[in-house]
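Trainee: Build the full structure now, drawing on both the sequences and the hints.
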Amino acid sequence: MRTSKLAQTTAALVLVACACAIIAFGFSYRGPLDRPNPYLSRATTDTGATNLVAGIYLDYRLYDSLFELLVFSVAVLGVRFYLGTTRQSPNTKAIPESQAVRASADLLFSPILLIGVYLILFGHLSPGGGFSGGAVAGTGLLLCAVALGAETVARRFHSTQLELFEWGALFVVLLLVLIPLIFGLSPFTDLLPRGAPGELLSGGTLLIYNVLIGIKVFVGTWVVISTFIRHRGEI
Amino acid sequence: MSIALLPLFHFLFGVASLIWKKGGKRLFYLALVIDSAIIASLAQHLLHQTSISIVLGGWGRDIGIELVADRVTLAFSILAVLLGFAVVTYLWRDHLRGYFHLLLHLLFGSVFAMLVAHDLFNIYVVMELLTLVSSLLIGYRRKPQQIWASLNYLMLAALGMGVYLFGVAIIYYHTGTINMTLLADRLVGAQGQGWLIAAAILLVAGIAIKAGIFVFSLWLPAAHATAHSAVSALLSGLVIKMGIVALLRLSLVIDMQLPLLVLGAVTGLLGALYAAYTYDLKRMLAFHTMSQVGYMLIGIGVGSELAIIGSVAYAVGHGLFKGLLFLTSGEVVRTTGSKLIPEQISLREHIPRATRVALTIGTLAIMGAPPLAGFCAKCLIAEESAALLLQVLLGVISLGTVVSFAKLLPFFVYHRAPVGPRPITISFSILGMAIVGFLPLSFSFVPRSQWMAELNPYQAAEGMAIIAIGIITYRLIRKHPPALSQHIFRLEEAILVILAALIGLFALHVAF
Amino acid sequence: MEMINGVTVAVVLFGIGLLGLIIRRDLVIKLLALGLVDSSVTLALVSLDARQDALTPIWQGAGLAYVDPLPHALVLAAIVINFALLALALVFVMLLVERYHTTDSHRIAHEIGRETEE
Chain A
1 MRTSKLAQTT AALVLVACAC AIIAFGFSYR GPLDRPNPYL SRATTDTGAT NLVAGIYLDY
61 RLYDSLFELL VFSVAVLGVR FYLGTTRQSP NTKAIPESQA VRASADLLFS PILLIGVYLI
121 LFGHLSPGGG FSGGAVAGTG LLLCAVALGA ETVARRFHST QLELFEWGAL FVVLLLVLIP
181 LIFGLSPFTD LLPRGAPGEL LSGGTLLIYN VLIGIKVFVG TWVVISTFIR HRGEI
Chain B
1001 MSIALLPLFH FLFGVASLIW KKGGKRLFYL ALVIDSAIIA SLAQHLLHQT SISIVLGGWG
1061 RDIGIELVAD RVTLAFSILA VLLGFAVVTY LWRDHLRGYF HLLLHLLFGS VFAMLVAHDL
1121 FNIYVVMELL TLVSSLLIGY RRKPQQIWAS LNYLMLAALG MGVYLFGVAI IYYHTGTINM
1181 TLLADRLVGA QGQGWLIAAA ILLVAGIAIK AGIFVFSLWL PAAHATAHSA VSALLSGLVI
1241 KMGIVALLRL SLVIDMQLPL LVLGAVTGLL GALYAAYTYD LKRMLAFHTM SQVGYMLIGI
1301 GVGSELAIIG SVAYAVGHGL FKGLLFLTSG EVVRTTGSKL IPEQISLREH IPRATRVALT
1361 IGTLAIMGAP PLAGFCAKCL IAEESAALLL QVLLGVISLG TVVSFAKLLP FFVYHRAPVG
1421 PRPITISFSI LGMAIVGFLP LSFSFVPRSQ WMAELNPYQA AEGMAIIAIG IITYRLIRKH
1481 PPALSQHIFR LEEAILVILA ALIGLFALHV AF
Chain C
2001 MEMINGVTVA VVLFGIGLLG LIIRRDLVIK LLALGLVDSS VTLALVSLDA RQDALTPIWQ
2061 GAGLAYVDPL PHALVLAAIV INFALLALAL VFVMLLVERY HTTDSHRIAH EIGRETEE
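Chains as they are written, first to last, in the working numbering: chain A, 1 to 235; chain B, 1001 to 1512; chain C, 2001 to 2118.
Keep in mind the hints are simulated off the structure, nothing from the lab. Please note that the accuracy of each hint is not assured.
Now the stretches of chain A that chain B is said to cover, found in silico as 3 or more residues with beta-carbon under 8 Å [stated by the list, open to error]:
| hint | segment |
| --- | --- |
| 1 | 14-22 |
| 2 | 58-71 |
| 3 | 74-84 |
| 4 | 163-177 |
Stretch by stretch, here's where chain B covers chain C in the computed footprint (C-beta under 8 Å, at least three residues) [as the list claims (entries may be wrong)]:
| hint | segment |
| --- | --- |
| 5 | 2036-2048 |
| 6 | 2093-2104 |
Partial chain A-side listing against chain B, Cβ under 8 Å, derived [stated by the list, open to error]:
| hint | residue |
| --- | --- |
| 7 | Phe25 |
| 8 | Ala103 |
| 9 | Ala105 |
| 10 | Leu181 |
Quick reminder that beta carbons are idealized off the backbone N, C-alpha and C, glycines included.
Mentor: Quick look at the structure:
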C-alpha cells in the first residue's frame, strides 16, 4: 500500500489543518473569568518569595518540579550511557572555531558564568531560578571550553567528582522532600525561616532548592555538552 | 501522608542504587517490601472510606497538588509489587549495572505516582518520566533495531504529550483549574460543549499514544518485540495500564463515553486481527496487548461502577498473565534460538518444564478459562454491557484472543522436558500462583458480594464455549491470511493515522 | 480578544512543526520540527493570560494586576522536560547515523527492516 509522495503530502496538509482547526476551536472566547486568581493574594506571604512563579514551582507544586528534575537527570544519564561507548572524535583538543570566536569566548565566559550564578541565587526575587541559571552557567562553561580547549576544562572537572555533585544534589533534594513527609510536617518550606520578601535570604527553603537544582542542571548541561563534544561522530 | 511516600521512596532508592552499585538487587527487594507494607496500610485505611486524598504541603486544592488513593490505586499497586518481585527474580542471574536498577526504580516510582495522581499537569509530568524511562529501557542493549524503536517511541510520545498539553491549556483557559476534583465541580454545566469536546479529544489522543490503543500506539509492536523480555513484561503489564488509569480518571471528570467505546472496539478488533496472523511470538503478544486494551476501554466506556471495577480487575489480571507470557517468551526464545512460533514448536523439547507450565497457565488465563484471572474479570464487563452490539463485540474480541493463542497449543504437549534455572522457576511461580489464585486476591479491591453475584455457571459455560469455537476457527482460517498493511507502523504514516483518528473522533462526538 | 494573539500563532506553529515532522525525511529536521511543536505548546500556555495592562508575576505591591503565574510554572517544567527528551532523541539519531551512514529516515527504516528479516 505504498502511497505516492503527492498523496501523502496532501493527506498530511489536510489532516494537519483539520487538527489545528480543532485546537483553535477549543480556545474560543470564554468571556471574562469570574474567579480571582488563587495565587496572587497569598503567594508572597506564604512562601516569602517575590517571584510568584518561583513560589509556585518550588513550594506549592514542588512535587512536579521533582519529576522534572528526575526527567532531566535520567536524560543526562542516558546521553552519557549511549554515547559513552562510541568512538571518540580524534580532534578534541580544540573545538574548531575561528580566531574571532575564540577570542570573544575568552572575554565572555566569565560574565556569563557570573550571570548564571546570579540567576540561581536571585531566582526567588526576579525571573530566573535553578533551571535557567543552571543552563546559562552550563553554556557559559561551553564557551569556556571553546576558549581554553575542551580537554583542559574536562580535566578540571574530573568525571567522578562531577557525578558525585550531580547525584548528590538530587539525593539531597529527595531527602529534603521526603523527610518532612515522613515526620508529618506539612509545608515543605518550613525548614528555614521565611525572612522579609525582597531580601536575598528570604523564601525559606526556596533558596536551597534553587541552589541544589542549579548545581544539578549546571553539571548536567555540562555533561551533555561535553559528551557531545567528545563523541562527535561522523556520517 | 503515607501515599506520597510510595513514589518518593522508589526515587530515593533509585538514586541510592546508582551510588551503591553492588547492592542493586537487594535495594530493589527492600523497596518492594517497603511498598508492600505501605500498600497493606493503605488497604486497611480503605476498608472504612472509598478514597484517601491529601494535598502535598497542606495547601488548598486549588493551589497545591492533590494526591488521591482509592481502590484503583490499591489494585494496581498489588499488580506492580507482584510484577516487581517476578521481574527482579527473573533477572537474578543477569549482571546489570546500577543504571538499569535506577531505571527500574524510576519506572516503579512513576507507576505509583501515576496511581495517586489527581491533577492534569501532574499526569503530564509523570507520563513524561514514564516515556523517558521506558524508551531508555527499550534501547538498553543498544542494538540498532532497539534504538530505532526507542526513537520512534520517543518522538511519538513527545508529540502526544504536546497534544495533551494543548488539551490542558484549553481546559485551564475555560475553567481556571487543573485539579480534577475541582474540575468535576466546574464542568458540571459544561458537558457537551464544543470546547470541552475538543479538549477531551486532545487529552485522550495524547494519552492514547502511550496507552497501547491500536490506532495511536503503532510503535508498540516494534518496541515490545525488540526489547528485553523483562522490559516487555513490565511495559505491557504495567506501563500501558498507567495510560488506562489516566483515561479512567479523566472519564470520571469529562464525559467521553463515545470516544472510549469507539476506540475500544477498533483497538480490540484490529489488535486481535493482527495478532492472529503474526507468527513472531513477542510481536504477537504485543498486538494482543493492544487488543486487550480495547477490552478494558469498552469497560471504562460503559461507565457504570461495576463495569469500571471489571475493567480494573481485568487490567490487573492482564498485567499478571501478559507479564508471565512475556517472561516465558524470553525463555522460549533463549532455549530454542528462534523468534518464530512454528520453529519454536518444532524445537519444543528444549524448553524447560517450568516455562512450559507457565506458558500453559498464561495462555489458558488469557483465553478466559475459568476460574483463572481472565474469566473472572470478563464476566463483570460482559454483565454490565447491556447493549447487544457491545455483547457481540466483546464476544468477537474474546474469540479473536483465543484464535491468536490457539497456535500455541502444540506447546502444551509434554515429552521429556529439561529443568530450567531456579530463579526463573521461582519468578514464574510467583505470577502463576497469582493468576490461579486471582479470585481471592481480588477480594482486596473488589467487594466479595459483587463477585459472587456475577459469577455463575452460565458464564463458565460461555467461556468454555468461546475457547472451543476459537480453536476450531483457528484451524479453519489459518491458511488464509488477509493482506494486512505493515506500512502504518512507520513514523509518518503513524502520525497521519493518529491525526485522522483524532479528527474522526471529534467529528463523531460532535455529530452525536 | 484580538484575532492574532499568542494562541493563534502557537497553533499555526504547531501545524508547521507537525507538517515538518511528517513530510521531511531527514532525521535531524524531524527533531527540529519536534522542537517547534514543543515550543508552540509553550507559547500557547504562556499566552493564555497575557494582557497589555497586567504586570509580570513578580510581586511589586498589593492592588496591582498581575498575569496568572500558574501557566508560567507549568511551562518551566515543560521546557526542561522537552529539552531532556530532545537531547536523548538527538543521541539516538547520532547512534543511528553512525551505524547506517545516512540521516534519511526512510533508508534507515529500510535497512532495519532488511536486518530484522535475516
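Trainee: If a hint holds in the structure, say so; if it does not, say that too.
Mentor: We went through each hint and held it up to the structure:
1. 14-22: holds (count 5)
2. 58-71: Satisfied; 11 residues make the cut.
3. 74-84: holds (count 6)
4. 163-177: holds (count 6)
5. 2036-2048: holds (count 7)
6. 2093-2104: holds (count 5)
7. Phe25: Hint holds; Phe25 of chain A Cβ to chain B Cβ min 5 Å, cut 8 Å.
8. Ala103: 39 Å, violated
9. Ala105: 32 Å, violated
10. Leu181: 5 Å, holds
Going down the numbered hints, you'll see the structure goes against 8 and 9, while the others check out.
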